[in-house]
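With the hints as a guide, bring both chains together as one complex.
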Amino acid sequence: MAKSKAYKKQELGNSQLKMTWIKLRENKLAVASMFILLLVCLVAIFAPLIAPYDYTAQNYDEMLMFPCLAHPFGTDQFGRDILSRIIWGSRYTLIIGFLTMVVSCIVGTALGVFAAYYPKLDNPIMRFLDIFSSIPDMALLMCLVIILGTSMTNMIIALGIYYVPGYARLARAQVLTLRDEEYVEASRALGASDARILLNHILPNAMAPIIVRFTMSTGGCILESASLSFIGLGIQPPEPEWGLMISQGKSFLSTNWYYSIIPGLCIVLVSYCLNYLGDGLRDALDPRLNY
Amino acid sequence: MNKDTILSVENLVVKFFLRKSTVEAVNGVSFEIQKGERVGLVGETGAGKTTTALSILKLVPNPPGRITDGNIYLNGENLMEKSEKDMRKIRGNDVAMIFQDPMTALNPVLTVGDQIMEVIRLHNDLGKFEAMDKAKEMLELVGIPGERYLDYPHQFSGGMKQRVVIAIALACNPKLLIADEPTSALDVTIQAQVLELINNLRDKMGMSLLLITHDLGVVAETCDKVMIMYAGSIVESGTVDKVYRNIMHPYTSGLFNAIPKLHEESDRLEPIKGMMPDPSDLPEGCAFYERCPNAVDECKTKKPELKMVEEDHAVACFNPIKRGA
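Protein sequences appear in the order of chains A and B. Here our numbering is used: the first residue of the first sequence is 1, the next is one more, and so on. Here our numbering is used: the first residue of the second sequence is 1, the next is one more, and so on.
Chain B extracted, bound-state conformation (with noise of 0.2 Å):
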C-alpha cells in the first residue's frame, strides 16, 4: 500500500444472517483506490455492490447483515478497528456517500440548507451563520442559486434534489465519495448533468470517488478504473482503457453484448443466459459456471481467482477470452 492509497479493501466478506439460511452477499473483495482516482463498481442488481459500500462505512445492516472477514484501510487505518463514535466523524467527513434516490434522500419537513447545514456542524465546529455561509457557498457550487437555502425539498426538481444530495455530501471535504447508482432515478438528460457535476467537482476538490452503477457507459465517460461485480465477487477489474479494449472476462463479454449497438442494426438484444446463483445457495466453484459460454471442467469445482493478466488489468477465470478470438 503506497502513501497515496486512500481506502484499501482486503479479502471483505459480509454475510447476512437470516432464519431460514445464510446469505452471502460480498465474498472476498479486495480492492483499492487511490488519491483523486475514479473507480467504477458495475455489477448487476443482488451483485453485492452497494453492501460493499455500506461497509466501508460500517453501515451494513446489523442484524442480520455482519462484516465476518476482511479489513478495511482507511488512509492507513483501519476501520474495523474503530469504534461507532469514531465512525460518526468519518462519515460525512472523510468518506461520504450519495443514495440512489434523491426524491427520498431529504428530509422533507427541513429546508434544504438546514440540511447541509447539519452536516457542517456536526463535523466543523462553526457558528451558525458561518455553517449558513458556507451552505450557500456549496448550494451554488452544484448549480443552485444560494438563495433557495430556505426551500423545502419538495419545491426542487429531481434533478436538483440531487446536486442538493451532492452538496451535502461534499459540505465536509471529504476524500473519498461514495455514489450509489447517483443517476438511476434520474432522467437521461438529467443524468448528464448530475454525472458532470459530479465529475468538475471531483476535479475541483480532488477528492476520490467508488461510482456503483449498471451503466457501463456512464463509467466509461466518469471513471479511471472498473470493476465488475458478480455474485459479491469482483470478476474483472483494470483500467477503463484496458478493460474495455480488451474484455476477458465471459461475465463482462455478456454485459457488453447486452447493450444496444448504434452502429449495428438487430432487432434483438443478447441477453446473459440463465439467473445469478441464489447468493443463500451458491456453487462451489465458479459462481458464473451455469451460464458460462467458456466454461471448463475446472469452473464447477475450484473457484478461480481475480489474477492479473497484463498490466492494470486482472481477471478472474480459467478460460479468459481471447483477443481475437
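Isolated chain A (complex conformation) (with noise of 0.2 Å):
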C-alpha cells in the first residue's frame, strides 16, 4: 500500500477518459453535438416540468394554428400544442433510439467477433443472422412485432435484431483482420487466454467503424420507428413520437407544413449531433492521433 501512494498524479499520467476528454475538447463540432444532446436528454428527463401544455390536451378552438406566441411550433388538427408534443416526444425518441442502438450494438459485435474469432461458428453464426438480412426491413420489422405484440418494449426488441446482422458484419470483418495481427500471435505466445486476447488486444482495435456505425444508425432507427408508429405497430397515438408527428402531419404538408417539419428537423438535429460525436469520439478515443 505504502508503494502505490508514492506515485503521484503526474505518474500515471491522464487517464484514459481524460485523455479522451482533452482531445474531444478540440474539436468543437463534436463538443457542441455533445452539449445540444445533453440538452435533449436534459428536455427528456424534465418534459412535465418544461412543457407549456399538456401533450394530450385538445383544444378544438385552437386547431392547426401556425406557430405563434402562444403556441411556438403551432399546434395539431386536434389543436394540441406541437412544442409540448416534441418535449414528451424526445422521451420515446431518445429511449426507442438508444436502447435499439445499445442492444443491436452490444449482441451484434459479440456474434460478429466471436464468428470471426472461432472459423467454427463462423457459418452457423453469419448464416443465420443472413435470414434476417434476407427479408426486407419492413416485412421483417412488422413480422416481428406482429409476433411479439404491439408495445414498445417489443418495437425496441424487433428493430434490436434488425439491426444486429449489420453490427455482425462489420465486427467479423474487423476481427478477421485483426486475428491473424502479429501482436495478436505474441500476446498468445506470453501466455494470454483467449477472452483477454479478444477483450484487450481485437476489440479495442476494432471499436472505430463501430462507433461510426452507431452514430450513424441511431438516426436511421428513430426513422424505422417511426414508420411502424405509422402503419400502426409501433407507439400508439395519442403518445407524442416524433416519428409519429411527422406521419401524422403528412397530410397536412400543403397547408400546415410546420407540422411535420418540425419534428423532422427535430430528428436531424439529433442524428446530425449524434454523427459528429461520434466522429470526434473516434479520433479521440484512437490514441495515434496523439500528439
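Calculated directly from the structure, the hints in this document are not laboratory data. Each residue gets a CB set at the ideal place from its N, CA and C atoms; glycine is no exception. Incorrect hints may appear among the rest.
[Unchecked claim] Quick look at which bits of chain A chain B covers, simulated, 3 or more residues with Cβ under 8 Å:
hint	region
1	184-194
2	200-210
3	282-288
[Claimed, not checked] Below, a list of computed lysine-lysine pairs in the DSS-like style, where the Cα atoms sit at most 25 Å apart:
hint	chain 1	residue 1	chain 2	residue 2
4	A	Lys-18	B	Lys-128
5	A	Lys-120	B	Lys-20
6	B	Lys-35	B	Lys-20
Put into C-alpha cells, the structure is as follows:
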C-alpha cells in the first residue's frame, strides 16, 4: 500500500477518459453536438416541468394554428400544442434510438467477434443472421412486432434484431483482419487466454467503425420506428413520438407544413449531433492521433 | 538428458494438412538446449525454423498444422501431455518469444507500459502498482527511460519498439527466450544494438536463447551452438567454433559461399543452384540431393541421419566435405 501512495497523479499520467476528453475538446463541432444532445436528454428528463401544455390536451378552438407566441411550434389538427408534444416525444425518441442501438450493437458485435475468432462458429452464426438480412426490412419488422405483440418494448426488440446483422458483419470483418495481427500472436505466445486477447487486444482495435455505425444508424432507427408507428405497430397515438408526428402531419403538408417539418428537424438535429459526436469520439479514442 | 537441459526436442514432426496436399514443414528434428546456452537456428525461408519455434510453445496454427510426432521436454516435463491451460502458464513465464517485426508486434491502442504490465500480471500475483514498478524497471533494463511508460507504440522508433518487445518477453524471467529473426526488420546499426542488448540481458538473467535467423554473422557473434536447417531437417549442428571452422555439409558450405567476403574481390556471389524442394513433395532421399555438388548415388534413395563426426559437431550427409579438400 505504501508503494501505491508513492505514485503521484502526474506519474500515472492522464487516465484514458481524461485524455479522450482533452482531445474531444479540440473538436468544436463534437463538443457542440455533445451539449445539444445533453440538452435534449435534460429536456426529456424534465419534460413535465418544461412542457407548457399537456401533450394530450385537445383544444378545438386552436386547431392547426401556425406558430405564434402562445404556441411557438403551432398546434395540430386536435389543437394540441406541438412544442409540448415535441418535448414529451423526446423521451420516446431517445429511449427507442439509444436502447435499440445499444442492444443491437452489443449483441451484433459479440456475435460478429465470435464468428470471426472461432472459424467453426463462423458459418452457423453468419448464415443465421443472413436469414434476417434477406427479408425486406419493413416485412421483417412487421412480422416481429406482430409475433411479439404491439408495445414499445417489443418494438425496441424488433428493431434491435433488425440491426444486429449489420453490426455482426462489421465486427466480423474487423476481427478477421485483426486476429492474424502479430501482436495477437505475441500475446498468445505470452500466455494470454482467448478472452483476454479478445477484450484487450482485438476489441479496442475494432471499435472505430462500430462507433461510427452506432451513431450513423441511430437516426435511421428513429425513422424506422416512425414508420412502424405510422402503420400502427409502434407507438400508439396519442403518445407524441416524433416519427409518428411526422406521419400524422403528412396529410397537412400542403397547408400546415410546420406540423411535419418541426419534428423532422428535431430528428435531423439529433442524428447530426450523434454523427458529429461519434466522429469526434472515434478520433479522440484513437491513441495514434495523440500529439 | 542431464539436469542442466532446459529444452529437449525429440524427433519433432510437424505437418500442415492442406486440402490438396500435406506440407511436411518439420521432419524429425531433435536438439537440446542447456541452461544458459545460446543456440542459433539458421536456414533459408521456408526451412521450418519458425514452425519449430512455434511447436515449442504449441502454437502451430491448428488447423491446418499439427505436431504429428515427437516429444518436447521443458525442464524434464513433456509439453505434449500438457493441456492448453497449462501451456498458457508456460508461455511467457518459462518460455517467451520475440517476434520478427516490432512494428506489428505491439498493440497500437495500448500504452507500452500496459502491455508490459499485462504479461507481468498474467503470471504473477501482483497488484497494479507493483506491476507498474516492475514494468518501469523492465523498460529501464532495455534502455528506455521509465517515464515513457505511458507512451503508445507509435511514439517509438523501430529499434525502441523491439526493445519494448524484448522487455515484454523478459518481464517474467523466462528460462528460455526464443527470438524469431529479432533483427530482420531493423537496419544494421540498430541490429547491432538489439543483439548486444539481448546478449547483455542473457548474461544478466542467465536464460537460454534460441535465436532464429538467416544471418550467419549474427550467429557467429551471438551464439555458442548453431544448427543449420534445410527442408525441415537439421543438416549440420555443433558449436559455432567447430562448425564455422570445419564446414562439412555441402549446404552449409553453399550458405557460406553466398556471403560476400570483405577480403576477396569478386563481381558475383556464388549462389546455391536450384530451389529448395517443395515441402509438400519432398524427395525420397536427401532433400538437398538435386542441388548438391557432392551428391553420390546413395543420396538419391536414402535419407542421411544426423551423425556425430567429431566432438560437438554432427552432420547429416553421406559424402561430407573433407577438411582441406
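Violations among the numbered hints, reported as their numbers in ascending order: 6
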